[in-house]
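Residues per chain are reported as follows:
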Amino acid sequence: MTISFRTRLFVSATLIVACVLLLVVGLGWSRILAFDVERLDERLCMEARRLLMPPAQGEDLQRLQTDMLGKLRLAKPEQLMLRLESSDGHPGLQSDNGSTGFAIDSLAWRSARSLERPGATDNCALASFEFAGTAWRAALHTAPQVRSFVAADLAELKGDLHGALRSALTPVIPLALALSALGAWLLAALTMRPVNRLRDAMLGVTQKALDQRLPSSGEDSEFKDLIAAYNAMLENLEQSFAQATRFSANAAHELKTPLTILQGRLEQAVNNAHDPALQAELTGLQDEVARLAHITRKLLLLSQADAGRLALNRTALDLSAMLKELLADAEMLLSDQTIQSTIDSHLLTQGDALLLKQLFNNLLSNAVRYCRAGGSISVTARAVPDGIECIFGNPCEAIGADSRAQFFDRFYRFDVARSRRTDGHGLGLSLALEIARAHGGELTMQNSSPDQVLMRLWLPIS
Amino acid sequence: MKILLVEDEQKIADFVCAGLRARGLEVRHCDDGNVGLALAAERSFDVILLDIMLPGRDGLSVLKALRAAGVPTPVILLTARNELNDRIEGLNLGADDYLAKPFFVEELFARIQALLRRLAGDRSNTVLVDDFKLDRITRHASCGENSVELTTREFSLLEYLMRSAGQVFTRSQILEHVWGYDFDPSTNVVDVCIKRIRAKLGDLDPAGDNAARIEAVRGAGYRFKRVDRA
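Chains as they are written, first to last, in my numbering: chain A, 1 to 462; chain B, 1 to 230.
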């Protein structure tokens, strides 16, 4: 399964945003917690100091505790520990849970820095500890004779914080995720836009010709590089294609002079030969030279078509008459096959008579050549709204889709046909295609059952 | 009959000259465009055969200069270069016919004859060999009272053979003349067409031996036999 580049961009962008969001929330949480704990520390120190103050002595423990619960924002008395003891360890005031037997001195006390007086150390020390399964924070205030100990359960603080965060983030996180997903989707689309534009331009070039180049103005620098690379590739392709075309044109042309001499000399020799055996030998050679000349002509035409220089000598033509004349030729080539033709009369168009004759001839001779023994070749030609349509059909040995795709390839000859006596050289269809194109028409193989070949030729009216 | 051949390839010129001379034509050959133009301007030739790729001055330019100078001598172009473009350009410039290389001298000879007939205003629309008559207008072949209609190809083939009755034509020569050089030479279309003509000629006079007038020369080709009346 292939995932589109846009989807991949979208998924990765969304994942990155989600991770960042989680990180921000996590960091924010720990910073807020640290800040709240600091504030709590301050209050704990204050309360511890207050516990030492004279008015507090003898004051009702109950009231003191309630007051402290309020100041420290605790909900239940169990969440608060109080203890006041003299420096010799004699306990004074203490809350119900304050007597629990752990040694205050065993805690890792750290002296607090007062916020009111930054830098100065107070005689208040702070420590964290675990008690009854929850985390606590304690302050110890040491005076010359007594020290006071105040501890608060952090569960309450964290609970508050959790609640606040949850109520704040519950609507925000999904909204942020949705927004970032939307943003990622749009971003992916934005990223793909120049790529799509490039693709369309490339398609345009492929359909036109190799001498087309992509314009790079107005594109971003990365795409400018890409376009430059693509144009350079086209340049190379065009050069080697031109070279190949020139080569086959030159080769075909250079072959003509020796062919002309060969054919002329052979003709002379045939005329002068009086021995029938020698004459037969020489005319056999003449036939081969004629074949060679025929192939050379086709190659020259093909190379001209490749170079886009297939010159047309357009004249007004009656295709109906032309087809009927060529059908008469084709009929002479039949062995046990038949031809059924439906040719509309007066199919008029502008075109090159020689080339169109060649085109029809190639299609007809192919139909005859590959027609199954005893089969019937069908030829129809009719006017359609936008031009002239000719369909050449013949029953044949079953042909697979692979072979069909290669029908227009040069020098391609179908294998089943090869096993029969065939004389074609596989240039006819490719040349027919080029001639049709040069006339602004098209030649296509129609879908049909495997044992049928249907060629459709369409030519514009003018 | 004087022919001027302007062709720079010596070997081609050799067999063309030899072939045309053997057919009774007088041929003058030169291998340079400028020389060819000077010779042609003398107006002493009946037909000019002009190659396109020439040293000095190319064939199309020679043709253009000739026509510009008002020389009316008919010109047949021998093209090897970019066939179709040359053909279009050549005919526009006032060539009377063209022949693409490689060609048969026999075909060249037929073209020269046809051209001269046309220019001589030959209005005779019949070809006559012995008692055999071929009508170019109705495409009928007749012998005595009977006549039979021929198809375009059949007529063209029979006319080709009858114009040089007695001479043997090879299949390739016939194919080039009747079907043109774009027809696939590896078919047996010539033999089939000959067979059909023979059948039609045979029908002309069931009692006679007309079909045998077209004789297959073993290994070589076909000819239209003249009846030796002597």
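Please keep in mind that the hints were generated in silico from the structure rather than gathered at the bench. Some hints could be false.
Heads up, simulated EDC-like pairs for lysine to aspartate or glutamate below, C-alpha to C-alpha not over 20 Å straight-line [to be verified]: (1) A:Lys256 to B:Asp205; (2) B:Lys11 to B:Glu42; (3) A:Lys256 to B:Asp46; (4) B:Lys225 to B:Asp209; (5) A:Lys256 to B:Asp58; (6) B:Lys195 to A:Glu254; (7) A:Lys256 to B:Asp31; (8) A:Lys256 to B:Glu215; (9) A:Lys256 to B:Glu149; (10) B:Lys11 to A:Glu254; (11) B:Lys200 to A:Asp60; (12) B:Lys200 to A:Glu331; (13) B:Lys133 to B:Asp97; (14) A:Lys324 to B:Asp46; (15) B:Lys133 to B:Asp58; (16) A:Lys256 to B:Asp8; (17) B:Lys133 to B:Asp182; (18) B:Lys2 to B:Asp97; (19) B:Lys195 to A:Asp67; (20) B:Lys11 to B:Asp46; (21) B:Lys225 to B:Glu215; (22) A:Lys256 to A:Asp225; (23) B:Lys2 to B:Asp46; (24) A:Lys71 to A:Asp60; (25) B:Lys195 to A:Asp60; (26) A:Lys324 to B:Asp182.
For the pair supplied as a hint, Lys195 (chain B) and Asp60 (chain A), confirm whether the alpha-carbon distance does not exceed 20 Å. Violated: Lys195 (chain B) and Asp60 (chain A) sit about 142 Å apart, past 20 Å.
Does Lys11 (chain B) pair with Asp46 (chain B) here, judged by a C-alpha cut-off of 20 Å? violated (23 Å)
Between the alpha carbons of Lys225 (chain B) and Asp209 (chain B), is the straight-line distance 20 Å or under? With a Cα-Cα distance of about 12 Å, the restraint between Lys225 (chain B) and Asp209 (chain B) holds, given a limit of 20 Å.
Holds or violated: Lys133 (chain B) with Asp182 (chain B), Cα cutoff 20 Å? Outside the cut-off at roughly 30 Å; violated.
Is Lys256 (chain A) within 20 Å of Asp46 (chain B), Cα to Cα? violated (27 Å)
Lys200 (chain B) and Glu331 (chain A): Cα distance at most 20 Å? holds (17 Å)
Given the hinted pair Lys195 (chain B) and Asp67 (chain A), is their Cα-Cα distance within 20 Å? At roughly 133 Å apart (the allowed maximum being 20 Å), Asp67 (chain A) and Lys195 (chain B) break the hint.
Going straight from one Cα to the other, do Lys256 (chain A) and Glu215 (chain B) come out at no more than 20 Å? Between Lys256 (chain A) and Glu215 (chain B) the Cα gap is close to 33 Å, so the pair fails against 20 Å, i.e. violated.
What's the verdict on Lys324 (chain A) and Asp182 (chain B), does the C-alpha distance respect the 20 Å limit or exceed it? Since the Cα atoms of Lys324 (chain A) and Asp182 (chain B) sit roughly 17 Å apart, the hinted pair holds (cutoff 20 Å).
Are the Cα atoms of Lys256 (chain A) and Asp8 (chain B) separated by 20 Å or less? Roughly 14 Å separates the two Cα atoms, so the pair holds.
Hint consistency between Lys195 (chain B) and Glu254 (chain A) [alpha-carbon to alpha-carbon, up to 20 Å]: violated (38 Å)
Restraint status (C-alpha distance of Lys200 (chain B) to Asp60 (chain A) at most 20 Å): violated (147 Å)
The structure fails to meet hints 1, 2, 3, 6, 8, 9, 11, 13, 14, 15, 17, 19, 20, 22 and 25 from the earlier list, while all remaining hints are met.
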